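Colleague: Sequential numbering from 7 applies to the sequence shown in my numbering.
What the hints contain is simulated information worked out from the structure, not anything from laboratory work.
Model, not experiment: these values are computed from the prediction.
Here a beta-carbon is modelled for each residue, glycine too, at the ideal position from N, C-alpha and C.
All the pointers check out, no bait thrown in.
Cut-off 20 Å, straight-line C-alpha distance, at most; resulting in silico cross-link-like pairs (EDC-like, lysine to aspartate or glutamate):
#1 Lys333 with Glu275
#2 Lys253 with Asp332
#3 Lys333 with Glu376
#4 Lys253 with Asp404
#5 Lys333 with Asp289
#6 Lys253 with Glu206
#7 Lys253 with Asp217
#8 Lys333 with Glu399
#9 Lys333 with Asp404
#10 Lys253 with Asp218
Simulated restraints on C-beta separations:
#11 Glu324 with His288: 17 to 25 Å
#12 Val325 with Ser245: 43 to 51 Å
#13 Tyr384 with Pro327: 30 to 38 Å
#14 Gln364 with Asp56: 52 to 60 Å
#15 Pro145 with Asp449: 50 to 58 Å
#16 Asn371 with Gly462: 47 to 55 Å
#17 Gly421 with Asp296: 27 to 35 Å
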Amino acid sequence: MMRAGIRGGLRKLARLTTVLVAVAALGACDMDEILKVELPGQVLETDLNDPEVADLLVRSAISALECGWSMYSGGASHHSDEYMNASGNAWWRNMGWRQLEANDQRLSTGECNTAYSMYAPLHTARFQASDVYRRLSTPEFAEVPDLQSHLATLRALGGYALVGLGEGFCEMTVPDEEGVPGPLLTPTQTLQRAETRFGEAITLAQASGNDDALNMALVGRARVRLVLEDWPGVIADASQVPDGYLKVATRGGESSRRYNFNYNSVNSEVQNAHGTITSTFHDLTIDPVDGRPTQAQVGGVPDPRVNVFNLGLFGHNEVTPLWHHDKYTSRSSPMPIASYKEAQLFLAEAYARTDEGQLALDIINDRRDELGLPEVTYVDVNDEDEMMALVIEERRRDLFVEGGHRMNDMLRFEGTIHEIPWLGEPGSIHPDGVDSVGGAYGDVTCFPLPTVERIGNPNISGTG
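Please construct the entire structure, taking both the sequences and the accompanying hints into account.
Modeller: Following this line, the structure appears as structure tokens:
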């Protein structure tokens, strides 16, 4: 690493020396002319309209979505009941204690190198997917190889950016035309836009043979339709996803922009972690007799979907014991975006909601068989509430710290028989509103629309 740094410094010095020699040689030349010289690394708007950079543009849009998704996945887990605060830092405390405010700088304008700054990264991903799609749809790019396949990928990426913005935030604004402030949208309206994007991706992917974009969009649209309670639509999409399909956001340790923030903020062993896994996810077991989900059951079968352990470390606040899991083991661990596993759970819920409880149970037991876990035999498949309680618990375990699913469930089941208490609420591990170090919980559930967006957008300023 040191040698690489020295070599990089020497290269920079060589370039600087070359520039200085060139300037000296110009002597008495007009300095205004010198300053007009374009920097070699400068990218002009016109450069982006070159068909030769089509692949690069698409890869840039992929990178933006991967970054935004990492932020959303980590932030949603930290805000839900999966993680609890272990930090002395105000930003992480606000997230863990549900005290996040609309004027928090990280929430509104923080970039991809700052943990959980999801608003700007998700909008950046949405914009890049839309902007690159627009460019590739112009006549200049008509002869680009695999053009329709690229367009399918871009629409799928844009759909997932809208999923994060629609599921996680209380309100949203998305422009009808890029560069023009958009209207104030409800979560439902934002997710409807995501559904449209996924539909376009599916059509383009089917026409171009892009199976990856097709499956990514099918999972995405099924996910959106689950929130919109379009059960036939969920079944139609999720049932097409092939066994074993997995789309991930690649991560890396080379820069903070590339970190897996689920690992870096909570599961890290290379720095003081800012959160820890809540006790409701410790020692999860399955009853060996009837397959009932249990916790710390004597004689119970350990559930490998949530493998939690303690290494004797303490959090950033130096008092909270840290519990780690094995889903993300480094800053480079990839993060799931779309998978067959979640598509099957979407199907199970849709079947449970449409009087097809046996089909839902078959899906759950197939997954149990795959994991070597006891099958479920205790439920009445004709009791929708009982089946839904099972589906929610299976989602809790199978989708642990993946893609914001737990926070999404906590939001969509609020006020129902299946309501999941937020930390600090009655029924949670901190029912009196105070955590184990005396921190008081706020009342934030969904993420607030940032203040800078509200006051800077003439369509919504003064609202809220």
